[in-house]
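Since chain A is already given, all that's left is putting chain B on it; use the hints.
Residues per chain, in single letters:
Number of protein chains: 2
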Amino acid sequence: MANKAITSRDVDFAKWYTDVVMAAHLCDYSSVKGCTIFEPNGYAIWEKMQKILDDMFRKTGHKNVYLPLFIPESLMRKEGELINGFAPEVAWVTHGGAKELEERLCVRPTSETLFSDYYSQKVKSYRDLPVKYNQWANVVRWEKETRPFLRSREFLWQEGHTVHATAEEAEAETLQMLNVYKDFFENYLAIPVMTGRKTEKEKFAGAEYTLTVEALMYNGVALQSSTSHYFGQKFSKAYNIQFLNKNNELEYAYQTSWGTTTRMIGALIMVHSDDDGLVLPPKIAPTKVAIIPIKDDEKVKAKIEEIYNKLNEAGIDCYIDNTDKSAGFKFAEAEVNGIPVRIEVGPRDLENGQITVARRDTKEKFQVSIDEDIVAYTNNLMETMQKDMFNKALERKNKMTYECHNLSEVEDIINNHPGFIKAMWCGDEACELRMKEIRGTKSRCILNGEKIDDKCIVCGKEASKLVLWGIQY
Amino acid sequence: MANKAITSRDVDFAKWYTDVVMAAHLCDYSSVKGCTIFEPNGYAIWEKMQKILDDMFRKTGHKNVYLPLFIPESLMRKEGELINGFAPEVAWVTHGGAKELEERLCVRPTSETLFSDYYSQKVKSYRDLPVKYNQWANVVRWEKETRPFLRSREFLWQEGHTVHATAEEAEAETLQMLNVYKDFFENYLAIPVMTGRKTEKEKFAGAEYTLTVEALMYNGVALQSSTSHYFGQKFSKAYNIQFLNKNNELEYAYQTSWGTTTRMIGALIMVHSDDDGLVLPPKIAPTKVAIIPIKDDEKVKAKIEEIYNKLNEAGIDCYIDNTDKSAGFKFAEAEVNGIPVRIEVGPRDLENGQITVARRDTKEKFQVSIDEDIVAYTNNLMETMQKDMFNKALERKNKMTYECHNLSEVEDIINNHPGFIKAMWCGDEACELRMKEIRGTKSRCILNGEKIDDKCIVCGKEASKLVLWGIQY
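Going down the list, the protein sequences come from chains A and B.
When we follow my numbering, the leftmost residue of the first sequence carries the number 121, and every step to the right adds one.
When we follow my numbering, the leftmost residue of the second sequence carries the number 121, and every step to the right adds one.
Bound conformation, chain A alone:
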């Protein structure tokens, strides 16, 4: 019954992923090397994500702004660590029309420099603080490989940039936004996540520290899914963001930034989808219900319109598939596109006073009486699906999270059945590099307050940090 255009995910996961992306018309390659096209089905998921996250950002007191696409090289170079981190992967504009520019401009890979420059003009006194802005934008990083949603030279994201009068307030903001992302992943995307602080080696260039949301894909590979950075005064010193504090003294401000990208669509696919195509948690699905007539028949048509009108009035996005394709073809199309609920109406069913409702995630079909309140039924079903999808992903993640006490255990897991690895670490970068030799196993984050051993898994020296490790996208 599996979709013929889609390779099985247990046979070739990478191929399966691309097949799902193409079959569900989420994304396409373009003639521009390294850049992809967001097709309507894929872009609609991004818009849904934007809407939900944007509301969460507003509720936590943030406002949207829009800053320039270009950054003059000299401005970019003011904060040394940032430019060192990004220099190998920025695109440079050197000409405007026929004229060579006096100073070349980089296409923003991220906007800390521009926001800091702007804030240096804007922030004068503690009364101006906090400033809590967010930006929805495209960014460019000159990647060598291209994988739809996961890696491309241009991608879409949001970047929050805030300024505070105290370190405590900025650190609270950093943690708050991490929790906003965690909430979004778990309660909307139905993806359980692990959170914690990145090691020095893995943190964002220019940050004091980076908090991260890490998710585990179906194939055991980890995906860094959102990050929230505490900058302390690093950027405020480089860009001269000073304010008069309550004691009337000039002080450098405290900053944060936090972001998440269209990569989340990749996570959605790799956690929930199957060999029949896309599977979406109802809360994030742009279209919730497909209504499909089994036969062209007056009674069927009337019933279908009645259902459509009821769902539509209740604000449940749905469509009637009235094309001249076969019913089986329509079912498969709704499946591959990840429509959570399918309602089938046929003349025989109607004679028995029934319609058929199918859920996408489990493929279960239910006979439902035509007297049932279809709006309530659909809403209940979608709520159950949302919970079930999260629990299924949580169970998988728990089963694929392993505690390791020595390197051969790590090697066994990474080579045979990858997943999250919990292991103690002494804090030494050399030990991180040794782990990386095991097929690129990297520290994902330091887990707070947990401990499974007293010694570093690599060097055997005393260790107080429990680290989550994994191979990554």
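Check the hints yourself; a few may be wrong.
Computed cross-link-like contacts, DSS-like style, restricted to lysine-lysine with a CA-CA straight-line distance of at most 30 angstroms [claimed, not checked]: (1) K366/A x K124/B; (2) K445/B x K415/B; (3) K168/B x K183/A; (4) K242/A x K168/B; (5) K264/A x K445/B; (6) K168/B x K168/A; (7) K556/B x K252/A; (8) K179/B x K419/A.
Far from chain B by the CB rule (all over 12 angstroms, computed), these chain A residues [to be verified]: (9) S128; (10) A207; (11) A292; (12) N299; (13) N307; (14) A496; (15) K507; (16) M520.
Don't read these hints as lab results, they were simulated from the structure.
The beta carbon of each residue, even a glycine, is placed where N, CA and C say it ideally should be.
Just chain B now, kept in the frame of chain A:
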């Protein structure tokens, strides 16, 4: 009483415009030459515009997509007229990281080329048509001057790109989208517009013809506000978009594109605002009501919260100004920011069973009984304001639209009291160029089915076209 930070618009219109933009915190200059920063108040207006237009686009059957920021030079060059039109004003990316690119990439000034390239892959049969996509994006044109919202090297816009099986359908789409823009301008922005076809000289590079929405600013200068282009088969031939038609013959497809930009924010300012700052039609104002306590008092506080809760529950965006500024300062701030309705609550008013409601556009103040239904009152007032603002702008536009029968009349108007000029034209480009000598007077559009004379205003030869002329931004 006028805001001290704002030059009078009758004294220096250009300065007044920039003063309003800055005083209302709509936009700021950036350290990136030619690029501006959309501050929260300005960006919120853009988001409101996006939301309304996006719904209108969906209702007319369009879907959103996102195509790359970059266009390879060779792809850009396939349609000769387009590249000739844009070559002097595109930005070129020549390096990715440290490496020089094999082919330089232009930062999109518009995306006909990319959409056409994409459609050439996607469209195979008449069954695939129509394709009706829209994109919200940033675009770059290497302008020499910078004026907030009106002219900058990067701006935000939407661009619709559609493909059809017949010329008739594509032309109907071109006209439909023109009317969507007209509807949006008149019924949301409260800006009366003139619409018609551009002359050959003024049409979009690469189009068969261009339809345009033209608005008149307070100072009599015309603003091209949205355009809708019919391409016929020009791009489909250059990019090979062929489909099998119903007769099973290969045919080149018919295309349109249409777009509008952040420039609309400039139009809003230049049509409605005054010497006290921004004035926004209620339907486009992100925040509708400012609630201001005259005094810090328990009864006042209780009343203000009651009003806030009622408005908020009714979905009317509002805020309470509880800062420690004076009431007068708060009034001025709500005024400069263009909040349509201001509700003032003071202890003396309350003793008399009243509150005060002020409308931003006319500055009128009303004593309103505390027993009045404040939600209904506010909604009614906003409806009245919306209508009044449109009518006021319409009256001004009509008063400033002149019929001219000879060039000295044109000169008199342009030199002394500019506005829209209606005059007959023979169709000859030489006559257009002669008009341009009068302080840059350009044809705005050809008006349909009207006629005020038999002869061309310039050459005196027979003329059947009534043209709208004006000086422009």
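Results for each hint:
| no. | hint | result |
| --- | --- | --- |
| 1 | K366/A x K124/B | holds, 29 angstroms |
| 2 | K445/B x K415/B | holds, 11 angstroms |
| 3 | K168/B x K183/A | holds, 14 angstroms |
| 4 | K242/A x K168/B | holds, 25 angstroms |
| 5 | K264/A x K445/B | violated, 55 angstroms |
| 6 | K168/B x K168/A | holds, 17 angstroms |
| 7 | K556/B x K252/A | violated, 48 angstroms |
| 8 | K179/B x K419/A | holds, 28 angstroms |
| 9 | S128 | holds, 27 angstroms |
| 10 | A207 | violated, 7 angstroms |
| 11 | A292 | holds, 22 angstroms |
| 12 | N299 | holds, 24 angstroms |
| 13 | N307 | holds, 24 angstroms |
| 14 | A496 | holds, 25 angstroms |
| 15 | K507 | holds, 30 angstroms |
| 16 | M520 | holds, 33 angstroms |
Violated hints for the displayed structure, listed by number in ascending order: 5, 7, 10.
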